[in-house]
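**Student:** Residue numbers (this note's numbering), protein chains in the order written: chain B, 8 to 620; chain F, 35 to 108.
Source of the hints: derived by calculation from the structure; they are not laboratory data.
Note that the structure is predicted; figures quoted are calculated from it, not measured.
Mixed in with the good hints, there may be bad ones.
[Said to hold, decoys possible] SDA-like cross-link-like pairs, simulated, lysine to any residue; straight-line CA separation at most 25 Å: (1) F/K38 x B/G299; (2) B/K584 x B/P268; (3) F/K38 x B/H288; (4) F/K38 x B/A59; (5) B/K584 x B/D252; (6) B/K368 x B/N332; (7) B/K336 x B/S260; (8) B/K584 x F/N83; (9) B/K490 x F/F50; (10) B/K138 x B/T428; (11) B/K490 x F/S100; (12) B/K298 x B/K368; (13) B/K533 x B/D252; (14) B/K209 x B/R324; (15) B/K584 x F/A64; (16) B/K487 x F/A64; (17) B/K259 x F/D61; (18) B/K584 x F/D51; (19) B/K487 x F/Q48; (20) F/K49 x B/G126; (21) B/K608 x B/A59; (22) B/K313 x F/A64; (23) B/K298 x F/D51; (24) B/K368 x B/R324; (25) F/K40 x B/F307; (26) B/K259 x F/K38; (27) B/K313 x F/K40; (28) B/K490 x F/W89; (29) B/K138 x F/Q48; (30) F/K49 x B/S260; (31) B/K584 x B/E398; (32) B/K259 x F/N83; (33) B/K245 x B/A59; (34) B/K138 x B/R324; (35) F/K49 x B/D316.
[Claimed, not checked] Stretch by stretch, here's where chain F covers chain B in the computed footprint (C-beta under 8 Å, at least three residues): (36) 276 to 288; (37) 314 to 325; (38) 364 to 373.
Just so it is clear, CB atoms sit at the ideal spot from N, CA and C, and this is done for glycine as well.
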Amino acid sequence: MSEKTISNNPASVVYQRCTVDLASGTTTFAQVPCKNLEDVLGGFGRSFQILAERDIAEAYSPENPVILNTGLLTGTSIMTGMRSYFSGYSPLKQSGTGRPGAMWSTGSGNFGNKFKWTGLDEVIFENRSDKPVYALLKEGENGPEVELKPADHLVGLTGHGKIMALYQEYPDAHFAAIGPAGENWENNYMGAVVMSTDNELKSGEPKSRFAGRGGMGSLMGYKNLLAVVAQSSDKLQKITPEIRDVNRDILKSGGSARFQPASQGGGGGTWANIEVLQVFHAVPLNNFRPKGNDDVERLFRDEVEKEFDIATEACHRCGIRCHNNLFYKNEDGSRGKLAAKFDFEPLILFGSNLGVHEPAKVCDLIHRCDLLGMDAISLGTTISYVLDYNERHPEKPLFNGATFGDYEKITELIEGAGRGTLPGIARGVKRLSQDAGETSYAMHVKGLELPAYLPDTNPGYMFAIAGGHMSMGTHMMLAKEGKHSLEEWTQAITTGGLLQVGYDMIGLCKFVGVGIGHDIIVRALKEAAGLEIASGEIVAAVRRAYLRGLALELRQGFHEEKEYTLPSQVMDDPNPKVTLPKFITNEFLGELRQRVWSVFKPEMEGLLPVKGE
Amino acid sequence: MQIKVKLYASLRRQKFDEADWECADDDRIASIVEQLGLARQDVGTVLVNGLHAGWDETVQEGDVVSLLPRMGGG
Ligand code: SF4
Chain B
8 MSEKTISNNP ASVVYQRCTV DLASGTTTFA QVPCKNLEDV LGGFGRSFQI LAERDIAEAY
68 SPENPVILNT GLLTGTSIMT GMRSYFSGYS PLKQSGTGRP GAMWSTGSGN FGNKFKWTGL
128 DEVIFENRSD KPVYALLKEG ENGPEVELKP ADHLVGLTGH GKIMALYQEY PDAHFAAIGP
188 AGENWENNYM GAVVMSTDNE LKSGEPKSRF AGRGGMGSLM GYKNLLAVVA QSSDKLQKIT
248 PEIRDVNRDI LKSGGSARFQ PASQGGGGGT WANIEVLQVF HAVPLNNFRP KGNDDVERLF
308 RDEVEKEFDI ATEACHRCGI RCHNNLFYKN EDGSRGKLAA KFDFEPLILF GSNLGVHEPA
368 KVCDLIHRCD LLGMDAISLG TTISYVLDYN ERHPEKPLFN GATFGDYEKI TELIEGAGRG
428 TLPGIARGVK RLSQDAGETS YAMHVKGLEL PAYLPDTNPG YMFAIAGGHM SMGTHMMLAK
488 EGKHSLEEWT QAITTGGLLQ VGYDMIGLCK FVGVGIGHDI IVRALKEAAG LEIASGEIVA
548 AVRRAYLRGL ALELRQGFHE EKEYTLPSQV MDDPNPKVTL PKFITNEFLG ELRQRVWSVF
608 KPEMEGLLPV KGE
Chain F
35 MQIKVKLYAS LRRQKFDEAD WECADDDRIA SIVEQLGLAR QDVGTVLVNG LHAGWDETVQ
95 EGDVVSLLPR MGGG
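All chains should be modelled from the sequences, with the hints used to inform the complete structure.
**Tutor:** Below, the structure is given as structure tokens:
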């Protein structure tokens with residue numbers, strides 16, 4: 008970004024774009040003035056406007072770009088300000104008409120910072136290379152430079168393996184890479200982008216972060232783009248007294264405290280959700296069907312601590328320190344080898360939801376998924392469907408006949424999915440359940456697998472635009488507040504819930520934990536980016552960006568009733584073991600859809616470009 | 035009067051898992067949380083006998099008050 012004022016003139020803010028034609032190897036640089044505040048804030052707010060200009064019928068087509076960009080606060084000294092975003096039309100999220108849905112996916116680590124510090128705000132990867140390549144983004148004497156390099160030496164390596172190999176060549180860089188899953192894009196639609204952290208590079212241990220959702224790693228694989236290297240000198244922004252105050256307030260806000268280490272009086276990260284949801288027997292178990300027993304309690308932190316050494320770690324300079332990394336204990340009690348990262352989603356989706364309750368086995372499953380470079384949510388949720396199906400049909404099981412708790416066979420499914428030999432799994436649960444002829448317990452909405460919060464507790468999933476809990480902040484509302492009326496859900500989805508996506512514009516982590524229009528955010532934008540943007544303007548821009556995403560879904564053929572729904576088991580066979588109110592019926596969803604669309608639709612008009620303009 | 039207090043996750047680690055607690059008839063949830071020495075901003079959800087309750091509600095003899103930390107994810 009090159010300007011410091013915005014007021015009513017977004018075009019005064021200019022960002023640096025590079026368009027890379029992977030087919031010819033040519034690069035084109037442009038200074039692009041912002042069209043609106045969504046452009047200024049960045050992330051998916053900007054990338055979705057580019058995607059909206061394209062008519063994409065197939066995810067795997069040369070016209071479908073991979074857009075890598077940053078948010079306004081990426082690379083600043085505001086705590087957590089290191090997000091980068093990967094956007095494109097998703098191979099996984101697909102409407103009933105067969106057209107792909109637009110997606111973004113994001114992760115932390117130091118890659119976002121290094122990318123921003125090259126002088127670039129955005130790279131659009133067009134077409135596809137006929138040979139494996141990686142992109143080297145670097146700061147040159149006269150501005151950013153971009154080069155494509157042969158990547159034959161990276162073929163077949165894990166995501167972490169590629170990162171470590173590139174680190175040998177570029178010790179001052181950070182990396183985003185795909186794993187074998189992304190390389191097997193034809194048979195795997197859930198490939199993640201694996202992003203390096205300082206801890207990973209220093210220790211050599213696979214402590215990567217992931218931009219997992221929607222198969223952006225598979226799309227990179229289709230393009231034969233195996234990695235992106237961001238090489239720049241560190242340009243740490245000076246921490247002024249005002250920025251220090253913002254960071255202090257982020258740390259002190261109750262919102263972020265729940266993600267801070269338990270040893271510092273914090274909530275201990277998303278891991279703590281297990282214990283809280285277990286109060287209601289609402290922790291996913293055996294394909295999102297809790298039994299009202301205490302099986303999941305073996306994954307409580309106190310239990311895991313008996314077996315493992317838990318280290319809370321962080322991305323570059325982040326005081327929230329939300330990573331919980333588990334290490335094996337040596338015989339003498341000292342810390343041994345890294346076992347896995349242990350956060351709520353992978354922990355549940357590779358643990359209780361697969362009927363696996365021993366922490367060491369859960370660690371191993373998470374670790375395999377991570378190394379192969381897959382989205383833990385999509386893979387875990389698709390495998391839980393397989394196990395459920397096999398339990399229902401022992402006479403004609405799918406794949407290797409694995410059922411709940413069958414750890415050995417589950418490892419085979421993970422390996423097969425990641426290596427491209429089990430496309431039935433790696434193309435996601437929507438396709439698999441349709442092929443198997445049983446869709447009622449396939450846990451997805453619009454082709455994106457559900458995260459580890461029961462659909463029985465969250466009708467808001469219907470209106471998530473890029474992953475159930477990442478793009479609609481209603482997944483904990485029932486457990487938190489007990490609210491279950493139509494009015495309350497309409498209100499939640501059409502106001503606060505959608506604002507969840509604002510963090511995926513500005514470059515910060517959601518774990519900052521305050522509303523996107525909060526004074527902390529306003530001050531952060533002012534102090535670190537030099538832009539005075541009123542809270543109401545931020546909220547309005549985030550709302551437009553979300554609604555543009557929703558409009559794009561409809562344009563891609565998502566049916567506004569049939570595809571804005573939940574897995575039918577939720578309505579047809581409510582789980583009596585969950586002690587929260589059971590309120591989701593077909594009638595409830597029908598009425599809720601109607602009310603939400605009646606709020607959203609008038610506002611969606613004019614948000615997409617008109618053909619030919 | 036006596037009630038039972040149950041704490042979960044980070045709150046449990048700060049204080050106790052479960053305890054009988056003496057309080058006055060007109061004590062509200064907010065004041066019970068204060069008496070327990072918990073910061074209000076650390077408590078996300080209050081249940082009385084398994085049902086969601088607000089800060090201003092009062093309790094009855096023998097009620098089970100469950101306090102859950104703030105939760106979130108994403
Ligand atoms: S909140 Fe967690 S993921 Fe985000 S920057 Fe901090 S340590 Fe990294």
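**Student:** Run every hint past the structure and note whether it holds.
**Tutor:** Do the hints match the structure? See the list:
{"no.": "1", "hint": "F/K38 x B/G299", "in the structure": "holds, 22 Å"}
{"no.": "2", "hint": "B/K584 x B/P268", "in the structure": "violated, 32 Å"}
{"no.": "3", "hint": "F/K38 x B/H288", "in the structure": "holds, 21 Å"}
{"no.": "4", "hint": "F/K38 x B/A59", "in the structure": "violated, 56 Å"}
{"no.": "5", "hint": "B/K584 x B/D252", "in the structure": "violated, 46 Å"}
{"no.": "6", "hint": "B/K368 x B/N332", "in the structure": "holds, 15 Å"}
{"no.": "7", "hint": "B/K336 x B/S260", "in the structure": "violated, 34 Å"}
{"no.": "8", "hint": "B/K584 x F/N83", "in the structure": "holds, 17 Å"}
{"no.": "9", "hint": "B/K490 x F/F50", "in the structure": "violated, 28 Å"}
{"no.": "10", "hint": "B/K138 x B/T428", "in the structure": "holds, 22 Å"}
{"no.": "11", "hint": "B/K490 x F/S100", "in the structure": "holds, 17 Å"}
{"no.": "12", "hint": "B/K298 x B/K368", "in the structure": "holds, 21 Å"}
{"no.": "13", "hint": "B/K533 x B/D252", "in the structure": "holds, 13 Å"}
{"no.": "14", "hint": "B/K209 x B/R324", "in the structure": "holds, 15 Å"}
{"no.": "15", "hint": "B/K584 x F/A64", "in the structure": "violated, 30 Å"}
{"no.": "16", "hint": "B/K487 x F/A64", "in the structure": "holds, 17 Å"}
{"no.": "17", "hint": "B/K259 x F/D61", "in the structure": "violated, 29 Å"}
{"no.": "18", "hint": "B/K584 x F/D51", "in the structure": "holds, 23 Å"}
{"no.": "19", "hint": "B/K487 x F/Q48", "in the structure": "holds, 20 Å"}
{"no.": "20", "hint": "F/K49 x B/G126", "in the structure": "violated, 50 Å"}
{"no.": "21", "hint": "B/K608 x B/A59", "in the structure": "holds, 17 Å"}
{"no.": "22", "hint": "B/K313 x F/A64", "in the structure": "violated, 35 Å"}
{"no.": "23", "hint": "B/K298 x F/D51", "in the structure": "holds, 23 Å"}
{"no.": "24", "hint": "B/K368 x B/R324", "in the structure": "violated, 31 Å"}
{"no.": "25", "hint": "F/K40 x B/F307", "in the structure": "holds, 17 Å"}
{"no.": "26", "hint": "B/K259 x F/K38", "in the structure": "violated, 31 Å"}
{"no.": "27", "hint": "B/K313 x F/K40", "in the structure": "holds, 23 Å"}
{"no.": "28", "hint": "B/K490 x F/W89", "in the structure": "holds, 16 Å"}
{"no.": "29", "hint": "B/K138 x F/Q48", "in the structure": "violated, 57 Å"}
{"no.": "30", "hint": "F/K49 x B/S260", "in the structure": "holds, 22 Å"}
{"no.": "31", "hint": "B/K584 x B/E398", "in the structure": "holds, 19 Å"}
{"no.": "32", "hint": "B/K259 x F/N83", "in the structure": "violated, 32 Å"}
{"no.": "33", "hint": "B/K245 x B/A59", "in the structure": "violated, 37 Å"}
{"no.": "34", "hint": "B/K138 x B/R324", "in the structure": "violated, 37 Å"}
{"no.": "35", "hint": "F/K49 x B/D316", "in the structure": "holds, 23 Å"}
{"no.": "36", "hint": "276 to 288", "in the structure": "holds (count 7)"}
{"no.": "37", "hint": "314 to 325", "in the structure": "violated (count 0)"}
{"no.": "38", "hint": "364 to 373", "in the structure": "violated (count 0)"}
Hint compliance for this structure: hints 2, 4, 5, 7, 9, 15, 17, 20, 22, 24, 26, 29, 32, 33, 34, 37 and 38 are broken, all remaining hints hold.
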